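2 protein chains.
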Amino acid sequence: MISEKMMKLAQNNSAIRAMFEEGNRLAAQYGRENVYDFSLGNPNFPAPAAVKKAIVDVLDREDAVFVHGYMSNAGYESVRGAIADSLNKRFGTAFGDGNIIMSVGAAGGLNVVLRTLLNPGDEVVTFSPYFVEYGNYVRNYDGVLVAVPANTADFQPDPSMLSGMITPKTKALIINSPNNPTGVVYSAESIRKIAAVLEAKQKEYGTSIFIIADEPYRELAYDGVEVPYLTKFYKNTIVCYSWSKSLSLPGERIGYIVIPGEADEYQLVFDAACIATRVLGFVNAPSLQQLAVARCLEETTDVGAYDTNRKLLYKGLTDCGFTCAFPQGAFYMWMKTPADDREFAGAAKKYNILVVPGTSFGCPGYVRIAYCVAKATIERSLPAFKKLAQEYGL
Amino acid sequence: MISEKMMKLAQNNSAIRAMFEEGNRLAAQYGRENVYDFSLGNPNFPAPAAVKKAIVDVLDREDAVFVHGYMSNAGYESVRGAIADSLNKRFGTAFGDGNIIMSVGAAGGLNVVLRTLLNPGDEVVTFSPYFVEYGNYVRNYDGVLVAVPANTADFQPDPSMLSGMITPKTKALIINSPNNPTGVVYSAESIRKIAAVLEAKQKEYGTSIFIIADEPYRELAYDGVEVPYLTKFYKNTIVCYSWSKSLSLPGERIGYIVIPGEADEYQLVFDAACIATRVLGFVNAPSLQQLAVARCLEETTDVGAYDTNRKLLYKGLTDCGFTCAFPQGAFYMWMKTPADDREFAGAAKKYNILVVPGTSFGCPGYVRIAYCVAKATIERSLPAFKKLAQEYGL
Chain A
-7 MISEKMMKLA QNNSAIRAMF EEGNRLAAQY GRENVYDFSL GNPNFPAPAA
43 VKKAIVDVLD REDAVFVHGY MSNAGYESVR GAIADSLNKR FGTAFGDGNI
93 IMSVGAAGGL NVVLRTLLNP GDEVVTFSPY FVEYGNYVRN YDGVLVAVPA
143 NTADFQPDPS MLSGMITPKT KALIINSPNN PTGVVYSAES IRKIAAVLEA
193 KQKEYGTSIF IIADEPYREL AYDGVEVPYL TKFYKNTIVC YSWSKSLSLP
243 GERIGYIVIP GEADEYQLVF DAACIATRVL GFVNAPSLQQ LAVARCLEET
293 TDVGAYDTNR KLLYKGLTDC GFTCAFPQGA FYMWMKTPAD DREFAGAAKK
343 YNILVVPGTS FGCPGYVRIA YCVAKATIER SLPAFKKLAQ EYGL
Chain B
-7 MISEKMMKLA QNNSAIRAMF EEGNRLAAQY GRENVYDFSL GNPNFPAPAA
43 VKKAIVDVLD REDAVFVHGY MSNAGYESVR GAIADSLNKR FGTAFGDGNI
93 IMSVGAAGGL NVVLRTLLNP GDEVVTFSPY FVEYGNYVRN YDGVLVAVPA
143 NTADFQPDPS MLSGMITPKT KALIINSPNN PTGVVYSAES IRKIAAVLEA
193 KQKEYGTSIF IIADEPYREL AYDGVEVPYL TKFYKNTIVC YSWSKSLSLP
243 GERIGYIVIP GEADEYQLVF DAACIATRVL GFVNAPSLQQ LAVARCLEET
293 TDVGAYDTNR KLLYKGLTDC GFTCAFPQGA FYMWMKTPAD DREFAGAAKK
343 YNILVVPGTS FGCPGYVRIA YCVAKATIER SLPAFKKLAQ EYGL
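In the order they appear, the protein sequences are chains A and B.
The opening residue of the first sequence carries number -7 in the numbering used here; numbering runs sequentially from there.
The opening residue of the second sequence carries number -7 in the numbering used here; numbering runs sequentially from there.
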């Protein structure tokens, strides 16, 4: 009775829901503090105090009809201008308000961009492992997600593999750096090579191939590692940003899309993305949050706290004998499993540890451990990880 | 280069954008106060003071991780429970939090519901005149919008016409009451007849046909007219509500979906709608606004102010010789045009009057005049309407 697409999704959804229910069952049985739930990318650190101050300031100073009213589907011009200025200052770009569309988080932004670009049967390439929702987003518009196999040496993207997977039907390449789930930051060298592949393929096929840069983790990079700004490497780049992680506002659904003026048929793409924002039912990004984040463009979350967690968890897991990539960004640890990853994630539950199998990211043999949790959760979890390691003879 | 669907929309969009640009051009030339812009359903009255109080209260009392964090895709359980209780009290229904999904406004809710129900080629029926976006929303999921011709006698829906337009492919009927653009409130008698037609057709075809009740204007009804609550008339009813108009929060994108427990395969429909909320990129309705509106369930906007506008405009227009339906709800006047409606709307611009041709709502021969404006705008516009009437010999 419901749509066939949704029926398939409802059936596939059961694995994820089973994990939620398992977490709740374990918490009820052992107490929430004795369950080590590393399954979700929900920041445990509060939004900076500046966010509350900004919201109250907006409510105090601005007219309610303006604050809560409709504006252009692209968002408030003033907000888009302030974001453009901030990006220009940070990255030496030359954006204006005409390059920015406010979006309902990065997930909303990605859907707007994919709806703008895709015809049925068009292909969207991404590197494994990848955020599981990309497949759903691309299928929303009857596109086909094409996954480049993982480069398990260091999880940098492999441009040589990429080249063979681009076809005349390729409309876009989704790049997610800092990466969910590996924590890897794609290097400028990787990006340059990717850009060269795409330039060559655009010429070969006479098509436009967009990089869609999914950047919710841009501000979460450690040890001073630089996260290259992709529009500077490749002109057909569209950026989808979100404040979900950088300001710990995931529930607010606030982000933006950047469409550079130098992109092919910029004006048409921009106009179509504004219309897609409207017809997909977003209409516009939430208005109060638009005005609030514009006052917090210099703010970031406490990266130091994530860094502490990163080091603590990495040391703890490697001391247990596990093999992990030391993450350069985001808040995920990508750990090799000594057995089938789904079996391993199942075994971990016996010790009240919840992690997501790599299979869910198109890359079996690993699990993703989200360390956006309280430090105490990591500390308490380490003896449980030790027992899990011993079960596998590590 | 962009998708073909978007290309068509970008081309059709030009008429609406032309109106925006015309409004700005006129405002620059004559001053904003001398332009009578009745084209948009953007409430000119501010949100009640209780909304600001509620937002500040949430920020002061609740933990920031809770206020701005992820929750279930359906929304906070406490918020959904409070809404269910409020509906039960007002309408004698028996909803619980398991019947409510928080949505990104009614537009987001409609997209979630249509994505949940539609397979390509499925038909969605609605009564003319109708909100122009319905066609776009239905086409998002490759459905076909089927419009029942307008009953120009009184713009109540015509159930006898409806019957002949239901086929085995009909998945839903969208009902919008109080109606945009006519301001008509569908009577209990009309609803009962519609329900009888759908019941008979469900039996005849062995299908489930849903009423989708698009209810952003529910609270805007005048003279004590009752707006029937549709789940009580027909069990396969899904309600899409929004606080855009009732609390003057259109920019915040906050509303909800009701899926009654007695609907066919309720649990499957509910679960699928939660997944659709996620995969379409909404993820969840904006979190702070969820918590704020839950504290304002007894609040409404100043219906008296709209009522004043309604009477003032109706008297002014009929005094000029125009023929209008006296609206029972919403904030639109539906006026018969003495010439082709597009030509008439074009002529109105000469007098700095901006109205939307009925053709945009699938019903030529009328214009929609949105009176959600300042009273002074209506007062100043009446001499201009008088000149317009004289131009047409009224």
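Everything labelled a hint here was simulated from the structure, so no lab data went into it.
These figures come from a predicted structure and were not determined experimentally.
Careful, some of the hints might be misleading.
[Said to hold, decoys possible] Covered, in the sense of this in silico footprint (three residues per stretch, anywhere, with C-beta under 8 Å from a C-beta of chain B), are these stretches of chain A:
1) 95 to 109
2) 191 to 198
3) 212 to 226
4) 268 to 274
[Stated by the list, open to error] Just a sample of chain A residues kept apart from chain B, beta carbon distances all over 12 Å, derived:
5) Ala39
6) Gly135
7) Ala180
8) Asp332
Heads up, the beta-carbon is just placed ideally off N, CA and C, and yes, glycines get one too.
Now for the hints, and whether the structure bears them out:
Counting residues of the segment 95 to 109 of chain A whose CB lies closer than 8 Å to any CB of chain B gives 11, so the stated coverage by that chain holds, three being the minimum. Here's how the segment 191 to 198 of chain A fares: 0 of its residues keep a CB closer than 8 Å to some CB of chain B, so the rule of at least three is not met and the hint is violated. Look at the segment 212 to 226 of chain A against chain B: 0 of its residues bring a Cβ nearer than 8 Å to a Cβ of that chain, fewer than three, so the hint is violated. With 6 residues having a beta carbon nearer than 8 Å to a beta carbon of chain B, the segment 268 to 274 of chain A meets the requirement of three or more and the stated coverage holds.
Chain B draws Ala39/A into its interface by the beta-carbon criterion, the shortest separation being 5 Å against a cut-off of 12 Å. The Cβ of Gly135/A does not lie farther than 12 Å from every Cβ of chain B; its closest approach is about 9 Å, which violates its non-interface assignment. Non-interface status of Ala180/A relative to chain B is upheld: no Cβ of that chain comes within 12 Å, the nearest being about 28 Å off. At roughly 27 Å, the least C-beta separation between Asp332/A and chain B is larger than 12 Å, which holds for a residue marked as non-interface.
Of the numbered hints listed earlier, those contradicted by the structure are 2, 3, 5 and 6.
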